[in-house]
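Chemist: Residue-level listing of the chains:
Protein chains: 2
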Amino acid sequence: MTRTETEIASLGEFGLIDHLTKDAKIKNTSTIKGVGDDAAVLRYADKETLVTTDLLLEGIHFDLTYCPLKHLGYKAAVVNFSDIYAMNGTPRQITVSIGVSKRFTVEHIEELYAGIKLACEIYGVDMVGGDTSASVTGLIISITCMGEAEKGEVVYRSGARDTDLICVSGDLGAAYMGLQLLERERTVSKQDGEDFRPAFEGKEYILERQLKPEARRDVVEELRSIGVRPTAMMDVSDGLSSELLHICKASNVGCRIYEERIPIDYQTACMAEEFGMNLVTAALNGGEDYELLFTVPLVDHEKVAAMKTAKIIGRITRPELGACMESRDGNELPIRAQGWNAFTEE
Amino acid sequence: MTRTETEIASLGEFGLIDHLTKDAKIKNTSTIKGVGDDAAVLRYADKETLVTTDLLLEGIHFDLTYCPLKHLGYKAAVVNFSDIYAMNGTPRQITVSIGVSKRFTVEHIEELYAGIKLACEIYGVDMVGGDTSASVTGLIISITCMGEAEKGEVVYRSGARDTDLICVSGDLGAAYMGLQLLERERTVSKQDGEDFRPAFEGKEYILERQLKPEARRDVVEELRSIGVRPTAMMDVSDGLSSELLHICKASNVGCRIYEERIPIDYQTACMAEEFGMNLVTAALNGGEDYELLFTVPLVDHEKVAAMKTAKIIGRITRPELGACMESRDGNELPIRAQGWNAFTEE
Chain A
1 MTRTETEIAS LGEFGLIDHL TKDAKIKNTS TIKGVGDDAA VLRYADKETL VTTDLLLEGI
61 HFDLTYCPLK HLGYKAAVVN FSDIYAMNGT PRQITVSIGV SKRFTVEHIE ELYAGIKLAC
121 EIYGVDMVGG DTSASVTGLI ISITCMGEAE KGEVVYRSGA RDTDLICVSG DLGAAYMGLQ
181 LLERERTVSK QDGEDFRPAF EGKEYILERQ LKPEARRDVV EELRSIGVRP TAMMDVSDGL
241 SSELLHICKA SNVGCRIYEE RIPIDYQTAC MAEEFGMNLV TAALNGGEDY ELLFTVPLVD
301 HEKVAAMKTA KIIGRITRPE LGACMESRDG NELPIRAQGW NAFTEE
Chain B
347 MTRTETEIAS LGEFGLIDHL TKDAKIKNTS TIKGVGDDAA VLRYADKETL VTTDLLLEGI
407 HFDLTYCPLK HLGYKAAVVN FSDIYAMNGT PRQITVSIGV SKRFTVEHIE ELYAGIKLAC
467 EIYGVDMVGG DTSASVTGLI ISITCMGEAE KGEVVYRSGA RDTDLICVSG DLGAAYMGLQ
527 LLERERTVSK QDGEDFRPAF EGKEYILERQ LKPEARRDVV EELRSIGVRP TAMMDVSDGL
587 SSELLHICKA SNVGCRIYEE RIPIDYQTAC MAEEFGMNLV TAALNGGEDY ELLFTVPLVD
647 HEKVAAMKTA KIIGRITRPE LGACMESRDG NELPIRAQGW NAFTEE
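For the record, the sequence lines run as chains A and B.
Residue numbers for the first sequence follow the working numbering, beginning at 1 and rising by one.
Residue numbers for the second sequence follow the working numbering, beginning at 347 and rising by one.
Treat each hint with caution, since some may be false.
[Said to hold, decoys possible] With the C-beta cut set under 8 Å, the calculated list includes, among others, these residues of chain A facing chain B: (1) Glu5; (2) Ile32; (3) Gly34; (4) Ala39; (5) Leu42; (6) Ile140.
[Said to hold, decoys possible] Counterexamples of contact, computed for chain A against chain B with all Cβ distances above 10 Å: (7) Gly124; (8) Arg157; (9) Gly202; (10) Lys308; (11) Ser327.
For the record, the hints were derived by calculation from the structure and aren't laboratory data.
Where a beta carbon is used, it is the ideal one built from N, C-alpha and C, also for glycine.
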């Protein structure tokens, strides 16, 4: 700690939370009372209230050797917003609880909050509460996000029907390849010591996808503007395969997607080649893309085919046909969940 | 781990959360969709929505050497319910996120959830979501609670006015003395090894106050039944002194309480004497009582004086008179926040 940095103990638990939230301005009419009482007070008249929560732990979900605190804060907020958009809703409020060990200064926590606040600013969300605590080891971030949807407009995972089209926004696998790159450079940096310069040139896109993902508000808005309501929707946080299987299970349907239609960015492809990895496997099973996966009735084919933010990758089938992918050479491959499992990773 | 215990990795992240929540039954009409999608869906038509959150960390907020997991789960839920009652609301839903290291088995987590579920059962609350993750060290519990209040019935900290009566429910300092007892017995148990038998007889009340606190739903209900609406209210989680100062600051008032009126249980008094501690200091500054501190207009004096669940301990004054306590011998002592600060504790 340098002389200009501030020990958290000097502010105390209440001092810190006051300090971090004192300049919070309320943006939403549904926020009646934010930080500063036993609970926040919200008013969701005539709307459905959506609630989602996410726990991020240092050493499990993030590594501060390559993830700047401001980016981490931004991402921690955005992944929650993504869950609300995936219900066809709009995020409105978050609560933020953090646990910090003694190696963090007030300035560190300010950086983290700067990222959270920036995400709130961009997505029009109010920070309405939270909790700050000491932790024995490392940084812990728990965010809960509340949002709203018009009555009857909530889109669940369970609404997909036979013949529906399967669509996905953006491109897949980039966040995963960004993580592989960061991991490699970290290893190299340990070997090379002070002479180390990370080899990130021309790989900015995949890094940004890993370090500073966005929630696809634009997709939800485009769907509304073209008058299409998805039958099922979720965000791609654990990998396309895993999420497709969730929709198939919840909706009691099968699915058939086409390898050649899976959207993959050029940088993702280059990186996979550099690592000698199977590109499609990375796109199917790499997590943290935060794209939206959704199904629409066949009758909306023309409208969704013309969408800017998403493309059609397959169709929903009867359950007995299972979940499969047709490869470029016409073979049929079963879709398996190989999503990330924090309990078995070493 | 014995042969009958189950490694968490054998179920995986999704398996575990499914396993823990599969028998959840929805109790509230405001719960439209619970566990199993990107977000829970709630409907709070014509009501205010209340949201509070709490992060509990092993080694900071609890010690598993004397806190059974089931009790811990119960307490983790109840402290959130307490915050909702403190707003004059009714808790309806919680989300539960936990981080668990490899030393925990599926059976351990089931115990923790059994406590959370029991609290939900008793208080009529639905578990609607959450997240289960590996952690590097120790157990992490993050609970967010949603509740409702009739429009215009929310009670803030900021509504206390000069001449209002100050009331507190139950008794104070017991949870703190329970913690002191548990800490002492833990130290003795380390010295005595296998011959150790904890000396808990006749101290059941203070232990229960520490290990299995209740939220004061009955107080909120009694206030409603006698037609008294508090002007300000909060729960006593950090100690009476600290909470009184919060109300004084938020309401821009002073206060005067009377030492002889502070409610203290016999077991608390005995324990303080055994430890040679100042009893009033313990009652004023000991945390985790989860009693309700509230103020009512002077005109309601007769009604609150007859309350079963709470008693009058003082009155609100003009701000320039400050916050003070009149001691038994008639001296005036300033009230200072000496509540627990996790950042400075060693």
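Chemist: Does each hint fit the structure? Answer for all of them.
Modeler: Going through the hints against the structure:
1. Glu5: violated (15 Å)
2. Ile32: At about 7 Å, which falls below the 8 Å cut-off, the nearest Cβ of chain B leaves the hint on Ile32/A intact, so it holds.
3. Gly34: This hint is violated: Gly34/A lies away from chain B, its Cβ roughly 10 Å from the closest one there, beyond 8 Å.
4. Ala39: holds (4 Å)
5. Leu42: holds (4 Å)
6. Ile140: holds (6 Å)
7. Gly124: holds (17 Å)
8. Arg157: Not fine: 5 Å to the nearest Cβ puts Arg157/A too close to chain B.
9. Gly202: holds (34 Å)
10. Lys308: holds (23 Å)
11. Ser327: holds (27 Å)
Hints 1, 3 and 8 from the earlier list are contradicted by this structure; the remaining hints agree with it.
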